[in-house]
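Enquirer: As you go down the protein sequences, you meet chains A and B in turn.
Letter by letter, the first sequence follows residues 1 to 302 in this note's numbering.
Letter by letter, the second sequence follows residues 303 to 682 in this note's numbering.
Note that these hints are calculated values from the structure, not bench results.
The C-beta atom is built at its ideal place from N, Cα and C for all residues, glycine as well.
Heads up, a few of these hints could be off.
What the hints assert, rightly or not - What follows is a list of derived Cβ distance ranges for each label pair: (1) Gln569/B / Asp193/A: 55 to 61 Å; (2) Gly431/B / Asp193/A: 25 to 31 Å; (3) Pro385/B / Leu109/A: 31 to 37 Å; (4) Ala366/B / Leu153/A: 56 to 62 Å; (5) Ala412/B / Phe286/A: 23 to 29 Å; (6) Ala412/B / Ile78/A: 46 to 52 Å.
To be verified - Sample of chain B residues at the chain A side, in silico, Cβ under 10 Å: (7) Glu378; (8) Pro381; (9) Val386.
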Amino acid sequence: MSTSSLHRRRLAHLGILLGPASGFLAIFFLCPLVIMLVYSFLEPGLYGGAEWVFYPDNYGRILGFANPDFEVYDPVYIAIFLRSLRIALVTVAATLLVCYPAAFQISRLPSRWKNFALFLITLPFFASLIVRLFIWVLILKKTGFANMVLTSLHIVSTPVELIYTEGAIVIGMVYVFIPFMFLPVYASVEKLDWSLVRASQDLGANGFQTFWRVIFPLTLPGVIGGSIIVFIPALGNFIVPAVLGGAKVMMLGNLIEQQFLGARNWPFGAALAMLVMAAVLAILFFYIRFEARRGDDAPVLR
Amino acid sequence: MGEHIVQLERATKAFALPEGGTITALHGIDLDVERNEFLTLLGPSGCGKTTLLHAISGFVQLDAGKVRIDGDDVTERPPHRRPVNTVFQNYALFPHMSVGSNVGYALDIARTDRKERNQRVGSALELVGLGGLENRLPRQLSGGQQQRVALARAIIARPKLLLLDEPLSALDRNLRQAMQIELKTLQAELGISFIFVTHDQEEALTMSDRLAVLNKGLIQQIDTPRTVYDRPTNAFVASFIGASNLFEGTVRRSSASTTVATADGLQIEAACAGGWKPGDGAAATALIRPEQFALAGAGATGPTIEIAIEQVVFTGLTFQIHGHTASGRKIVAIIAAIRRADVAQAEKDGKVRLGYDPAAVHLLPDDAPAANEAVAGVAA
Numbered sequence: 001m002s003t004s005s006l007h008r009r010r011l012a013h014l015g016i017l018l019g020p021a022s023g024f025l026a027i028f029f030l031c032p033l034v035i036m037l038v039y040s041f042l043e044p045g046l047y048g049g050a051e052w053v054f055y056p057d058n059y060g061r062i063l064g065f066a067n068p069d070f071e072v073y074d075p076v077y078i079a080i081f082l083r084s085l086r087i088a089l090v091t092v093a094a095t096l097l098v099c100y101p102a103a104f105q106i107s108r109l110p111s112r113w114k115n116f117a118l119f120l121i122t123l124p125f126f127a128s129l130i131v132r133l134f135i136w137v138l139i140l141k142k143t144g145f146a147n148m149v150l151t152s153l154h155i156v157s158t159p160v161e162l163i164y165t166e167g168a169i170v171i172g173m174v175y176v177f178i179p180f181m182f183l184p185v186y187a188s189v190e191k192l193d194w195s196l197v198r199a200s201q202d203l204g205a206n207g208f209q210t211f212w213r214v215i216f217p218l219t220l221p222g223v224i225g226g227s228i229i230v231f232i233p234a235l236g237n238f239i240v241p242a243v244l245g246g247a248k249v250m251m252l253g254n255l256i257e258q259q260f261l262g263a264r265n266w267p268f269g270a271a272l273a274m275l276v277m278a279a280v281l282a283i284l285f286f287y288i289r290f291e292a293r294r295g296d297d298a299p300v301l302r
Numbered sequence: 303m304g305e306h307i308v309q310l311e312r313a314t315k316a317f318a319l320p321e322g323g324t325i326t327a328l329h330g331i332d333l334d335v336e337r338n339e340f341l342t343l344l345g346p347s348g349c350g351k352t353t354l355l356h357a358i359s360g361f362v363q364l365d366a367g368k369v370r371i372d373g374d375d376v377t378e379r380p381p382h383r384r385p386v387n388t389v390f391q392n393y394a395l396f397p398h399m400s401v402g403s404n405v406g407y408a409l410d411i412a413r414t415d416r417k418e419r420n421q422r423v424g425s426a427l428e429l430v431g432l433g434g435l436e437n438r439l440p441r442q443l444s445g446g447q448q449q450r451v452a453l454a455r456a457i458i459a460r461p462k463l464l465l466l467d468e469p470l471s472a473l474d475r476n477l478r479q480a481m482q483i484e485l486k487t488l489q490a491e492l493g494i495s496f497i498f499v500t501h502d503q504e505e506a507l508t509m510s511d512r513l514a515v516l517n518k519g520l521i522q523q524i525d526t527p528r529t530v531y532d533r534p535t536n537a538f539v540a541s542f543i544g545a546s547n548l549f550e551g552t553v554r555r556s557s558a559s560t561t562v563a564t565a566d567g568l569q570i571e572a573a574c575a576g577g578w579k580p581g582d583g584a585a586a587t588a589l590i591r592p593e594q595f596a597l598a599g600a601g602a603t604g605p606t607i608e609i610a611i612e613q614v615v616f617t618g619l620t621f622q623i624h625g626h627t628a629s630g631r632k633i634v635a636i637i638a639a640i641r642r643a644d645v646a647q648a649e650k651d652g653k654v655r656l657g658y659d660p661a662a663v664h665l666l667p668d669d670a671p672a673a674n675e676a677v678a679g680v681a682a
């Protein structure tokens, strides 16, 4: 009797502790997801909405087996997907390039300066994202600050098109995602054991060899963690391309938003969203497989 | 030149302190290390022993002075270009590499032929008693095993000199004692010099061919363990190595005897056979090791000191008698356990008369800085 009542008490505790979070996620995450999944297989209604008919051609429009009666297969969706993938990867690479060396510098500062530097890294969060992005518009536009500097230094004779380009999106994305990359990378750099670096040098390795054989592998968990945290939101990001890419450069996020709000084609938008999610899940799956092979001492973030 | 495997000439290093000012870690040290010698650097923490080791391995750049290894001036060379390997304090094994990759690291860096590399990794592990564990990860090994891997990793590239930075401090007592003997054997087998850093005097006495005692950036004394123990050059060395009873006072010299008169009225007789012979009226400190005291029976001849017993500690082999003289001076004596009946009687009396042989009393000059400077120059 006592064991079973103890067991029941444990279950009750668990329910109290996990209940609110589980309930919240079930209502506001799982339900919408299921709704989206269902919608992605429904026929778009003629004037918005959806007909309750099984209709796989939403995916067909993207992947190449469109229903010839209603729509045509257009490779533009694949192109947008590939472009988004490219921009997200470039963003990951660029943030890493900025954050990795900075993490080493900051980790070796005296602790007072270290905390100040960490505060500076998180400082952008104190201002609204939209405001910060519109400042980039002011900098990058034809009559903006960047062009002013370029022309006054006679690097270019007439103002160049900086905004509404893929480059502008990448700049904006790097700017937005630097803190997300920095914190996990810093966490793994901070706890790097420098006696291992000394051991490597002692055994005859020069700086380059020590970096590749010791420093990089030991900070890899932070690099991978940061990359994932940046890559996933970068792939589906829609604010940055909306502000800095304008109508000229579209990413998946904008396409999805357009389908839902502009074209009022919810099933097609849902199908696009599902494909983004599938891509992200596939990448995470391979990462977990890779980590499992490396052993249990390297979780994503430590 | 070329005789010694390592030569330090006037090695000087000061570190800036974060709160301002500097601390001198090496104070113009001269040191010659013989080939095939087990040299121990012993001293309290902050004495400069680790800095001295790092000056040889290259992790510390000297402010002034020279480092020569096997006759080559390596003062300006970075660590990876010095023919020296180190066993680090906490082993510093690469956690992401197998034992085999750890041990083979130096050979992989040197791009040694694969077959030769594997064969040498195998035999290095064999040498430290870990044959066949190539594929384990360091964290799957015990502390003692990790220690051996670190050792195998450091000797595989056949360095001209092995540096050991307090490698045994993390091991428990039994394992540490076993490793002390093993290290000594290994050193003889490899035929290279070991420089071993420790703050543990027992370790230093057990393993060394020679022992250098450091304090405040200076070598206080460098000699064989027995000489350092029996004839320390100053009170610091005397009190750092082994327990000691020190009597500081003024020398009274006559044709018949030499005595040290302390301020609290004790007269310590010394034979001054060999070693320092101070003149009459000189300031000196007399050293009597605890084990040189004997229980003085009723018919004892020779000098004695009477103490009131505070505590008697039985350690199995010996009794440690802690007490004080009439003037309150602390005295420690170690008496063989075979005298247990006499010790029991003394304990009951609450006091005991301790005899000593004047020939076993060692006289030290006063611990003035000038004496330290003079000592620092004496190197082998």
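Enquirer: Does each hint fit the structure? Answer for all of them.
Expert: Tested hints:
1. Take Gln569/B and Asp193/A: their Cβ atoms lie about 58 Å apart, and the range 55 to 61 Å holds.
2. Our hint of 25 to 31 Å for Gly431/B and Asp193/A holds, since their Cβ atoms are close to 26 Å apart.
3. The hinted range of 31 to 37 Å is satisfied by Pro385/B and Leu109/A, whose Cβ atoms lie roughly 35 Å apart.
4. For the pair Ala366/B and Leu153/A, the beta carbons lie near 48 Å from each other, so the given range of 56 to 62 Å is not met.
5. Distance hint check for Ala412/B and Phe286/A: the Cβ-Cβ separation is about 35 Å, which falls outside the suggested range of 23 to 29 Å.
6. The beta-carbon spacing between Ala412/B and Ile78/A, approximately 50 Å, falls within the hinted interval of 46 to 52 Å.
7. A least Cβ separation of about 15 Å between Glu378/B and chain A goes past the 10 Å threshold, and the interface hint is therefore violated.
8. For Pro381/B, the shortest C-beta to C-beta distance to chain A is roughly 4 Å, which falls under 10 Å, so the interface hint holds.
9. For Val386/B, the interface hint holds, since its Cβ comes within 10 Å of a Cβ in chain A; the closest pair sits about 8 Å apart.
In this structure, the hints that do not hold are numbers 4, 5, 7, in rising order.
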